[in-house]
Amino acid sequence: MTLKHEFPTDEDEIIELAKNIIKGMTDNPDFPHPPIPMSKLQKMLDQVIKSREAEAAAWEVERQAREKAEAAWAELCSAQQSMREYNRKHGIRDNDTPLVASGRAGMADRVFSQLAGQDNTVQVQKKDKD
59 MTLKHEFPTD EDEIIELAKN IIKGMTDNPD FPHPPIPMSK LQKMLDQVIK
109 SREAEAAAWE VERQAREKAE AAWAELCSAQ QSMREYNRKH GIRDNDTPLV
159 ASGRAGMADR VFSQLAGQDN TVQVQKKDKD
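59 is the number of the first residue of the sequence shown in the working numbering; add one for each residue after it.
Derived by calculation from the structure, the hints in this document are not laboratory data. Some hints here could point you the wrong way.
What the hints assert, rightly or not - Think about it this way: if two alpha-carbon atoms lie no more than 20 angstroms apart in a straight line, the pair counts; the simulated EDC-like pairs of lysine to aspartate or glutamate are:
1) LYS77 to ASP104
2) LYS108 to GLU74
3) LYS108 to GLU71
4) LYS98 to GLU74
5) LYS77 to GLU111
6) LYS147 to GLU128
7) LYS108 to GLU64
8) LYS101 to GLU111
9) LYS101 to GLU64
10) LYS98 to GLU118
11) LYS108 to GLU125
12) LYS77 to ASP88
13) LYS101 to GLU71
14) LYS108 to ASP88
15) LYS98 to GLU64
16) LYS101 to GLU74
17) LYS98 to ASP88
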């Protein structure tokens, strides 16, 4: 019967194996000279653990940033929907964007002054107050 030892592929198992190797070699100094000093292997292991922790922290920062961005997008879309409903309520058509952009939606008439061959221009005139 042959025992087959495969190198682990799971990160946690690789870390656990490194810990076991370091402990086993440190607890049994009678082993012949290993190809890598245990102090060096320990530094490598520490670096891997530190890197994993940094990666997890970065993922958390990215997740929080994504949540903030999604909330900002949702807020903007909701505000735009409110403006659209406001425009419809006040009889402003979707293509009346200059009125909305000027902040004078519902308070101004739209006047077109376009001559043949002229670029499209839009002028906004203020309603007289009674």
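Hint by hint, here is what the structure shows:
Taken as a hint, the LYS77 and ASP104 pair is honoured in the structure, with Cα atoms around 10 angstroms apart against an allowance of 20 angstroms. Distance check on the hinted pair: LYS108 and GLU74 sit about 15 angstroms apart at the alpha-carbon level, within 20 angstroms; holds. Taken as a hint, the LYS108 and GLU71 pair is honoured in the structure, with Cα atoms around 16 angstroms apart against an allowance of 20 angstroms. Restraint check for LYS98 and GLU74: satisfied, since their Cα atoms lie roughly 16 angstroms apart, inside the 20 angstroms limit.
Of the pairs offered as hints, the one joining LYS77 and GLU111 holds, with about 17 angstroms between alpha carbons and a cut-off of 20 angstroms not exceeded. At roughly 28 angstroms between alpha-carbon atoms, LYS147 and GLU128 are farther apart than 20 angstroms, so this suggested pair is violated. About 26 angstroms separates the Cα atoms of LYS108 and GLU64, which puts this hinted pair outside 20 angstroms; it is violated. Pair hint LYS101 plus GLU111 holds up; C-alpha atoms about 15 angstroms apart against a cutoff of 20 angstroms.
The hinted pair formed by LYS101 and GLU64 fails the criterion: a straight-line CA distance of about 24 angstroms is larger than 20 angstroms. Annotation: proposed proximity of LYS98 to GLU118 is violated, straight-line Cα distance about 30 angstroms (limit 20 angstroms). For the hint pairing LYS108 with GLU125, the CA-to-CA distance comes to about 26 angstroms; that exceeds 20 angstroms, so the pair is violated. Between LYS77 and ASP88 the CA atoms are separated by roughly 18 angstroms; this keeps the pair inside 20 angstroms, and the hint holds.
Between the alpha carbons of LYS101 and GLU71 the distance comes to roughly 18 angstroms, so the proposed pair stays at or under 20 angstroms and holds. Between LYS108 and ASP88, the direct Cα distance comes to roughly 31 angstroms. Violation of the 20 angstroms bound is thereby established for this hinted pair. For the hint linking LYS98 to GLU64, the alpha-carbon distance of about 23 angstroms lies beyond 20 angstroms, and the restraint is violated. At most 20 angstroms may separate the alpha-carbon atoms for a hinted pair to count; LYS101 and GLU74 meet this at roughly 15 angstroms.
At most 20 angstroms may separate the alpha-carbon atoms for a hinted pair to count; LYS98 and ASP88 meet this at roughly 18 angstroms.
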